[in-house]
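*Asks:* Using the hints, position chains U, A and B against chain F.
Protein chains in written order, with full-length UniProt numbering: chain F, 1 to 321; chain U, 1 to 321; chain A, 1 to 321; chain B, 1 to 321.
Just so you know, these hints were derived from the structure itself, not from any lab.
Identical copies carry no separate label here, and so any pair may be met within one copy or between two of them.
30 Å max Cα-Cα, derived DSBU-like pairs, lysine-lysine:
| # | residue 1 | residue 2 |
| --- | --- | --- |
| 1 | 151 | 51 |
| 2 | 238 | 151 |
| 3 | 168 | 151 |
| 4 | 51 | 168 |
| 5 | 22 | 51 |
| 6 | 151 | 22 |
| 7 | 22 | 238 |
There are 4 protein chains.
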Amino acid sequence: MSQNPVPHLTELLAGSPSNWGKWGANDEVGALNYLDAGQVLRGAAEIRSGKTFTLQVQIGHPHGDPAFPGPRGPATRVNIMDRGNYLSGTGTVFPGGLEFADDMIVMYLQGSSQYDALGHLWYGDQIYNGFPAESTSGRMAKASVLPIAEKGIAGRGILLDMARHRGKEYLDKGETFDHEDLMAAAAAQGCEIRPRDILLVRTGWLGYFYSTPREEFYEGFIEPGLTYSPELVEWFQKMEIPNLVTDTIANEVTTDPVSGVTLPLHNALMRNLGVTFAEIIALDALAADCAEDGQYTFLYTAAPLKVVDGTGAPVNPLVVK
Amino acid sequence: MSQNPVPHLTELLAGSPSNWGKWGANDEVGALNYLDAGQVLRGAAEIRSGKTFTLQVQIGHPHGDPAFPGPRGPATRVNIMDRGNYLSGTGTVFPGGLEFADDMIVMYLQGSSQYDALGHLWYGDQIYNGFPAESTSGRMAKASVLPIAEKGIAGRGILLDMARHRGKEYLDKGETFDHEDLMAAAAAQGCEIRPRDILLVRTGWLGYFYSTPREEFYEGFIEPGLTYSPELVEWFQKMEIPNLVTDTIANEVTTDPVSGVTLPLHNALMRNLGVTFAEIIALDALAADCAEDGQYTFLYTAAPLKVVDGTGAPVNPLVVK
Amino acid sequence: MSQNPVPHLTELLAGSPSNWGKWGANDEVGALNYLDAGQVLRGAAEIRSGKTFTLQVQIGHPHGDPAFPGPRGPATRVNIMDRGNYLSGTGTVFPGGLEFADDMIVMYLQGSSQYDALGHLWYGDQIYNGFPAESTSGRMAKASVLPIAEKGIAGRGILLDMARHRGKEYLDKGETFDHEDLMAAAAAQGCEIRPRDILLVRTGWLGYFYSTPREEFYEGFIEPGLTYSPELVEWFQKMEIPNLVTDTIANEVTTDPVSGVTLPLHNALMRNLGVTFAEIIALDALAADCAEDGQYTFLYTAAPLKVVDGTGAPVNPLVVK
Amino acid sequence: MSQNPVPHLTELLAGSPSNWGKWGANDEVGALNYLDAGQVLRGAAEIRSGKTFTLQVQIGHPHGDPAFPGPRGPATRVNIMDRGNYLSGTGTVFPGGLEFADDMIVMYLQGSSQYDALGHLWYGDQIYNGFPAESTSGRMAKASVLPIAEKGIAGRGILLDMARHRGKEYLDKGETFDHEDLMAAAAAQGCEIRPRDILLVRTGWLGYFYSTPREEFYEGFIEPGLTYSPELVEWFQKMEIPNLVTDTIANEVTTDPVSGVTLPLHNALMRNLGVTFAEIIALDALAADCAEDGQYTFLYTAAPLKVVDGTGAPVNPLVVK
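Okay, chain F solo, but in the shape it has when bound (with noise of 0.2 Å):
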């Protein structure tokens, strides 16, 4: 990391681009834009054996949930009615006799899979378009998950599997890579990455989650992932990307090893171009399938749950190839 002080992000991205405006002064779904109706035929068009893959992870696994450190806990699934009521003379009863069982949660709306609302993270003070941070505060008033679920995702997706293209399991903490080699991946498979394409990115590192002792996996912090340089947020740009979505817990290297930023990338990307971030994304699946019939591109639909005011909501995406 740089011996330098570490730059505040209105320095390191001043001259940055932006779409603030471009879709009006009220808009919340940002790149999301770029799909309209011929976006959705065209990830469509990508349909042929019909196949199917679910990319949530599961809520309330054994191991133990990702997260990103600090507050967020695990969620807290509770049964309200169950079999044990009616054994007990105790459960709701209905003429017919029929039984049934209930249950609430508790749990952080960004503590599984899930889509940040584009005003989820910012810096200086407005939030994506230019809304002011202060709209965040007590509930997300401006640019809040909610118009990302009403409007849903559809489109075309790549996979972009770094792991196997650097012939790996998966990549180390703090492995950085950008979009000359999501590019050259992509060329290995075959494929080619196009305007206004969803990208899937993965590192294989929720596979290394759930396979490590907790404590390892946190210890020292660092995602691998995309790392911040002025080309790349010019290449989002250019190539019109709406959604991007990985198997990591922040998208992006979580340090910047150059600037020593956190998380630039959500700031170039989220809050100045308006670029949707899908976060712990399940793709080894998706993956070993495309390794194995060679089609890395398909009909990607998401629909986060519409969260009134949500700085985020879980999801459970869908492929259809």
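*Replies:* Using the frame of chain F, we list chains U, A and B on its own:
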């Protein structure tokens, strides 16, 4: 309603068809097994314009959220970090100056648009596929929503707009219809229900919910919907319907007007045949579009959250026309 | 209410007495400092018959629980283990065959009988003792309920039964009284408010709550209670009152009828003088007993839960006569 | 531990004394019935110096909170309003300018210092007083913590400092003692256990908890504590002990070293005799003071929260010396 004593479901459904064992002794997804790759392709073949619709109701709507009467209360979403923390000097600080908002939620798993686990409801001592009802206690150890969420749902969906068919904004409390009515509605729409179609049945009921004082909506609670008959059950079985999706809270008339039994179709279709139920699904916008362009069939995709041991899970289905 | 513009608290309470710094720059328990060992003994000296009373309202009362209008909803208590699990074969098994029941709760910390943290409420930029208001953000880092709970409250309590004094079952909405009325009530009861007494003021309001439809109770929400005057504040200061305990949700008339200011006494007494406030305290049974035996003074003990960083905490005070 | 098969509690406690029916068929507070007004006065008579001690552990201690191994996790406290909202312009505005902070909590009712409901634990088909074990399902309909909280606890408490008595900072894992040891400790302290005394037994165990890595604390989980014998049970019965209070999580040696049975005293004393159990009670500060002034007896007061249907409830006992 019948003056006779209400029969037990064991009696009412004696001789009713069953799919237990059909897909193996360990099957937990039931009629979703009908949705093989060929069915996915059949659904994808309906895509024409690239229009998309998301079908979840909002979690935390200002009017309150629809739920079956009982303990299920509204979701509680709470920020745990936001701009206010940073203005106060109590936000988590990162190199480079990024700030973020975060939140958690407390909710009933069946308190919004949702897929029932096949084991969610039963009569006698067994849930779907003959698993003991005791397996629901504490957690849904068998036929939980997890396998449904792992598989995901994709196939040819068909909207059956019963409200429009009957020239109403929404059906009345307790108003019923059956499979013959569904077929008539399809015919009136210029389409046809085909084997293995995913049925989306619109009653207009959620529109009624959101435009009506809660006291009035819940008074003498009885929803409109499909009503039990042996013929209807045979039709679902013969047609190999994988999934029943409606805009009511419980997918059928709450109390069977003939027998007086509560929710017999949950038992005849879900418990016995393994038909998956998606409830509280918002169909008004989709229906308006179908009425306009005359296309009532489409690719229906849905992937409820992968909640381990869940009796159900929230979902935001996504339709591609 | 005043036709004049409502003054800011800064203006209303200009020149109002303050105890900031009186017990040191780090003090977080305020007027509870008055309750030294001598005061505990003075309280204990009131014990005569050995009768005891617990003063919390029930958490989860069938009628619903009293709370200030706003987001605070009812508590949710859920079993996570019980006999039903054992009947189902899913209970935790221990050698020897013991079985158990267990549960969890979701609740607002100020949604039942409760002590306010001294920092719970403020005006301007500072909470009690001059701590910056920013110290409340995310967690109550200063003047939380924890130091109050660590110290506990024990001293001479005196019941002032304003409802009986005025010959009413309960005071009217918005009905007010002041320190002169408290002294008059004491005199009528044959007792006297002495320095450092813990004041338990009964309005009958909780009895009204539990016997009234919620809509009626909350309509035009304005509680009866003490009303602000500079003289009243001086009296509390001179009398060194450590703790004000009432059977209303907010311990004072909700809106000051003279100035139109909301809850000025919370600010004049709690924020400025450090008087602790206990709210939603059930006094009817105690009052009936006092009326019967003529003993209105007693040992009052209370120990709210030691919630780290809490803005308040539930409490079940215990009185010994 | 015994090489013999572990007996069932029905066998181990055959012939063990019972108080079922002693205080009526509907009694739900058991041995607390011993604590009549006379006992309260006897407790009050021990007050000498006016010193007070609160005995709850903190909810949300940085080290983590002590709880019996199993599903009980730490409490989650979250602000729902604070200064940050006001700085952001999203705080609730009131005439006069008051601002406030508010919060909520999610917690296990037995996850902190707590009183067990008498029905919390049982063997066979019945809980305390012969109520059917089925009455625990869904909610504790009988012998919940509510009647205990309604009554409250006040009486003569006596601290029995087993750790000091044995010259240790804290007892070892699995270290046992019995009623003879309690009497010996009392004698060494220069006092005497009298009928109807509330027993506060200190092992130093909570001090060990807070100073030890959690992994080490929970490894091979077995607490020190009282150990079962028929004589000990007879002694509690003869002495009419109303309440056993300890600084361990479960008030007795976790596994009886003779029989191998888990928690037999919960069954012999709580289920059969109705002795109330207060667990995870912090006694170190009180004990240090007793050692210094030589006064080991005092007025003990405790009033757990009035949680309707609760299996237990958090409590912050308050001792007056």
